[in-house]
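Novice: Single-letter residue listing:
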Amino acid sequence: MLACLFLSGSCAAIDTSEPFADPKLQARYLVLTHELRCVQCQNESIADSPVEIAADLRREVREKISSGMSNQQIRELMVSRYGEYILFKPRWSARNALLWLAPGLMLIGGGIVGWRVLRRRRALLTDDDTPLDEDAGQR
Amino acid sequence: MLPELGQFAMILALLLAMAQAAFGLVGPRFANSRYMGVVPFAVAGQFVFTCLALGILVAAFVNFDFSVRYVAENSNTALPLFYRIAAVWGAHEGSLLLWIFVLSLWTLAVTLRSRGLPPSFAARVLGVLGLLSMGFLLFTLATSNPFARLAPALPDGRDLNPVLQDFALAIHPPMLYTGYVGLSVAFAFACAAMIEGKLDQTWARWTRPWTTLAWAFLTAGIALGSWWAYYELGWGGFWFWDPVENASFMPWLVATALIHSLAVTDKRGLFKSWTLLLAISGFSLSLLGTFLVRSGVLVSVHSFAADPARGVFILVFLIAVIGGALVLYAWRAPLLKSQAGFELTSRESFLLFNNILLIIAAAVVFGGTMAPMLSDALGLGALSVGPQYFNPSFMLPILPLLGLLSVGMHAGWKRGNLSRSRRAILGTLALAMALALAITFGAYDYEAVLMPVGVALALWIALSALVDPVDRLRRRLSLSAGVVGMSVAHFGLAMLVLGITVVSSATTERDIALTPGQSVALGKYVFRFEGIKSLEGPNYGGVQGKVTVLHEGEAAHVLLPEKRNYWVQQSTMTEAAIGARWDRDLFVAMGEDVGKGAWSLRLQVRPMIQFVWLGAIIMMLGGITAGVDRRYRLAQEALVRKTDAGTPSVSAA
Amino acid sequence: MNRFLLPLGAFALLALVLAVGLKNAPEKGVIVSPLVGKQGPAYDMPDLHDVARRVTSNDYKGSWHLINVWGSWCEACRVEHPVLLAIQGEARLPIVGIDWRDEEADGLAWLQQRGNPYTRVGVDKESRVAIDYGVTGAPETFLVNPDGVIAYKHVGPVTPQIWREQILARLPASTQ
Chain A
0 MLACLFLSGS CAAIDTSEPF ADPKLQARYL VLTHELRCVQ CQNESIADSP
50 VEIAADLRRE VREKISSGMS NQQIRELMVS RYGEYILFKP RWSARNALLW
100 LAPGLMLIGG GIVGWRVLRR RRALLTDDDT PLDEDAGQR
Chain B
0 MLPELGQFAM ILALLLAMAQ AAFGLVGPRF ANSRYMGVVP FAVAGQFVFT
50 CLALGILVAA FVNFDFSVRY VAENSNTALP LFYRIAAVWG AHEGSLLLWI
100 FVLSLWTLAV TLRSRGLPPS FAARVLGVLG LLSMGFLLFT LATSNPFARL
150 APALPDGRDL NPVLQDFALA IHPPMLYTGY VGLSVAFAFA CAAMIEGKLD
200 QTWARWTRPW TTLAWAFLTA GIALGSWWAY YELGWGGFWF WDPVENASFM
250 PWLVATALIH SLAVTDKRGL FKSWTLLLAI SGFSLSLLGT FLVRSGVLVS
300 VHSFAADPAR GVFILVFLIA VIGGALVLYA WRAPLLKSQA GFELTSRESF
350 LLFNNILLII AAAVVFGGTM APMLSDALGL GALSVGPQYF NPSFMLPILP
400 LLGLLSVGMH AGWKRGNLSR SRRAILGTLA LAMALALAIT FGAYDYEAVL
450 MPVGVALALW IALSALVDPV DRLRRRLSLS AGVVGMSVAH FGLAMLVLGI
500 TVVSSATTER DIALTPGQSV ALGKYVFRFE GIKSLEGPNY GGVQGKVTVL
550 HEGEAAHVLL PEKRNYWVQQ STMTEAAIGA RWDRDLFVAM GEDVGKGAWS
600 LRLQVRPMIQ FVWLGAIIMM LGGITAGVDR RYRLAQEALV RKTDAGTPSV
650 SAA
Chain C
0 MNRFLLPLGA FALLALVLAV GLKNAPEKGV IVSPLVGKQG PAYDMPDLHD
50 VARRVTSNDY KGSWHLINVW GSWCEACRVE HPVLLAIQGE ARLPIVGIDW
100 RDEEADGLAW LQQRGNPYTR VGVDKESRVA IDYGVTGAPE TFLVNPDGVI
150 AYKHVGPVTP QIWREQILAR LPASTQ
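Protein chains in written order, with numbering that gives the first Met the number 0: chain A, 0 to 138; chain B, 0 to 652; chain C, 0 to 175.
Be aware that one or more of the hints could be misleading.
As the list claims (entries may be wrong) - Dumping the calculated DSSO-like pairs for lysine-lysine here, alpha-carbon to alpha-carbon at most 27 Å:
| no. | chain 1 | residue 1 | chain 2 | residue 2 |
| --- | --- | --- | --- | --- |
| 1 | A | K63 | A | K23 |
| 2 | B | K266 | B | K197 |
| 3 | B | K595 | B | K545 |
| 4 | C | K60 | C | K37 |
| 5 | B | K523 | B | K545 |
| 6 | C | K37 | A | K63 |
| 7 | B | K336 | B | K266 |
| 8 | C | K60 | C | K124 |
| 9 | B | K532 | B | K545 |
| 10 | C | K37 | A | K88 |
| 11 | C | K124 | C | K37 |
| 12 | C | K124 | B | K595 |
| 13 | B | K523 | A | K23 |
| 14 | B | K595 | B | K532 |
| 15 | A | K63 | C | K124 |
Stated by the list, open to error - Computed spacing ranges between beta-carbons, pair by pair:
| no. | chain 1 | residue 1 | chain 2 | residue 2 | range |
| --- | --- | --- | --- | --- | --- |
| 16 | B | P515 | C | A90 | 53 to 59 Å |
| 17 | C | A90 | B | E535 | 53 to 59 Å |
| 18 | C | A11 | A | G110 | 23 to 29 Å |
These are calculated hints, taken from the structure and not from any lab test.
Just so you know, even glycine gets a beta-carbon here, dropped at the ideal spot from N, CA and C.
Construct all of the structure, not just a fragment, from the sequences and the given hints.
Specialist: So, in structure tokens, the structure goes:
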């Protein structure tokens, strides 16, 4: 664990393996290595973590991509060994559904609240309201 | 001898804080002006002893007093002077003392500027602040004494964590705490109002400058931390949605909502209970952040040495403070109804949605940060939430917000009258879109739809922010600090959004191993590795690499990345080399010797990243400008004159 | 009145979550292994002591055994070592060692210096077996039952207390 603080700054993090010849595969590799949490330096992805096991895990990803596994299959494989904690992007599941849907639901809820407040306030607006004096510079 | 004096000073400060709290809250209850008169002295005394304690700790560091355990754990004979001082807040105990110092500083400031406040209200504000000081002093003395001795004294210290031996990180905590703790002033104002059972437009006007200034410092503090992460951590990123980063970002979002909500309450007496709740939440989130970082509930690269025992204390404190405030809220908020109205296109309406969207954004960050803990607590297993969740989820409320901002700036109070500004709105939009397309396709390769959308939104905000000030200047009208500050802050936001959008979409990077003489192309630039030489510093040794960056054949930059080995802690740090220019950074970090003379290097071209820092600085300046607007001071003086003119308020005892 | 109690109610729930989180805090950072209760992955490693032989997962099928991940570079492994030697001394369980990310010479020298508690030691230089077993660092210890199912995993040095309460307690009476 201490290694994470002390090796701060990408020593072994720098991935000197040859990039994939196929840019699509390389792109998949980058996506996956940024999505997988380093199991030792747990607040970094295996792409950025300086410890050796991160380099080993990157190699795993590389080999599995070469062998034809899909991104989803590789994720499942990692989860089967390390648990869901290794994914930075929560899987879509019954438990995680709320997490993913919450922002959208809140947006809808917020819209409803806003609309109701607006309706009430518009109704409170009377015609003989004196206009607010805009004293110079007052906004 | 001196450290014991420091501890004693803290005890005295605690006693004075208790006096401040007791007299501040009891005095007004019984309309006893003698009691209330004690408060400013308690504040001053507490400040003096807090300074003394901090000063003694600084002296202990400067003079290498390794008999003090905290100094032994965080310093070393080879540590340069600047970092010896910064080490004072480098770890848990010292950073708490810094927190306490900043709190007493803000309290002193409020005391000195409270002439325009009704005495009972001012006393209550200071009383609440006194309770907060008490809590922190008690916590520090009981569980985290920075002056604890080490027997026998060590001959030399364990050195400051090399990661912290850096300028930006040295000033990041003081700046951040100034912001964090500054929100306690708004909190105290809110509590005082709830205790009194009165919250009106005047209250909002008093609270605004304090909140705006705290917000400005918080902006700077977060930006400093982010900037540090960028050049120090070696991967070129600047925001990772790390729990500790989120712990500072949530109060910022709420504080932003608060300063806007206060504007509405000040101007029209609306949104009172919203504003109250935001004032409570802002500081509550600061406290929550403190808890998360120090209690060990979160795993983070940032977190202080975890100690669940301390966590219990903070949690109890959290419950007392926030719970207490929310009880007051439940009691008083129902009385805060107003009958004012406003139109759909009015400024109030835009600020209403501003509130809602910012609160949703804060809730998204909160949810993502707390979800793992929640899942664990409910026995639902491990869950992990990272940037791949936060980025899209955060953008969901923020993108509409950015769009609404440009229109809302033109909206008048109460009725909006947007039709007057139709030309300005559409004109700025058209110009922004044109420029965005030019930048996206002209300067950079089109990568993702995020780029033109983000750039267009940012430019639209920037142009809109300039419309009103330019118009006023043209018509030779005066510009108050408030208007200038607002426009500047919004402009700064635009720059920030511009920087973030471009750097997120158009960064190019490459990890590669090069032997001296080899080069690699990255976009329009060619990076040529020249070789390495050995290096020695005050408390480290290592190697320095040399990379020449060529642009169209000509040397644009010579970059010197380093790998340092700090002797005492036996740790290795990478110092990335950055070739900065207003429109792009060239970034090189050195990895390791991979054999045969080759070294691994991380190379990046980061366009427009300077705009991120620039935007943040501009926002801070805008906030400070707005916060010191004479209008607030004039209002206070007007109130003082009115009081002196014979309103029987307080009897001279 | 009811509407304004919501923030307090929400905060109460939050406080509860924080309290539970705090209680669980000491175990933070330890990833709970999904392999417990499942078949241990198959492995086939070169033997540290004999170039010609392999250490495979079939070797100890049919009996309870421990798998211990260690390395000569690992500080905490030194702390654990006497406990492992004691376990070997009581001759209760075979211990299969995985010399992780180590040069054979270093691993051999380390065991030479400190004694060898392992029945067999496999060499895993590239972390292949380690990753298969969800290893996050050294030392880590797995208790495997006769069917090859992982009954228990411990992260960090095995202490006498862990040995008694977690490992020994899971063995059937006949082997105790």
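Novice: Next, verify each hint and record whether it holds.
Specialist: Hints and how they fare:
Distance check on the hinted pair: K63 (chain A) and K23 (chain A) sit about 15 Å apart at the alpha-carbon level, within 27 Å; holds. At roughly 17 Å between alpha-carbon atoms, K266 (chain B) and K197 (chain B) fall within 27 Å of each other, so this suggested pair holds. With a C-alpha separation of about 17 Å, the suggested pairing of K595 (chain B) with K545 (chain B) holds against the 27 Å cut-off. Restraint check for K60 (chain C) and K37 (chain C): the C-alpha separation of about 14 Å stays at or below 27 Å, so the hint holds.
Between the alpha carbons of K523 (chain B) and K545 (chain B) the distance comes to roughly 20 Å, so the proposed pair stays at or under 27 Å and holds. Restraint check for K37 (chain C) and K63 (chain A): the C-alpha separation of about 23 Å stays at or below 27 Å, so the hint holds. For the suggested pair K336 (chain B) and K266 (chain B), the alpha carbons sit about 15 Å apart, so the restraint of at most 27 Å is met. About 24 Å separates the Cα atoms of K60 (chain C) and K124 (chain C), which keeps this hinted pair within 27 Å; it holds.
This hinted pair checks out: K532 (chain B) and K545 (chain B) have alpha carbons roughly 8 Å apart, not beyond 27 Å. Distance hint between K37 (chain C) and K88 (chain A) is fulfilled; the C-alpha atoms sit about 25 Å from each other, no more than 27 Å. Simply put, K124 (chain C) and K37 (chain C) have alpha-carbon atoms about 25 Å apart, close enough for the 27 Å limit, and the pair holds. Restraint check for K124 (chain C) and K595 (chain B): satisfied, since their Cα atoms lie roughly 22 Å apart, inside the 27 Å limit.
Taking the CA atoms of K523 (chain B) and K23 (chain A), the gap is near 22 Å; set against the 27 Å cutoff, the hint holds. Of the supplied pair hints, the one linking K595 (chain B) and K532 (chain B) holds, its CA atoms being roughly 16 Å apart against a limit of 27 Å. Distance hint between K63 (chain A) and K124 (chain C) is fulfilled; the C-alpha atoms sit about 19 Å from each other, no more than 27 Å. For the pair P515 (chain B) and A90 (chain C), the beta carbons lie near 58 Å from each other, so the given range of 53 to 59 Å is met.
The given range of 53 to 59 Å is respected by A90 (chain C) and E535 (chain B), whose C-beta atoms sit roughly 55 Å from each other. At about 28 Å, the CB distance of A11 (chain C) to G110 (chain A) agrees with the hint of 23 to 29 Å.
Comparing the model with each earlier hint shows no violations; every hint is respected.
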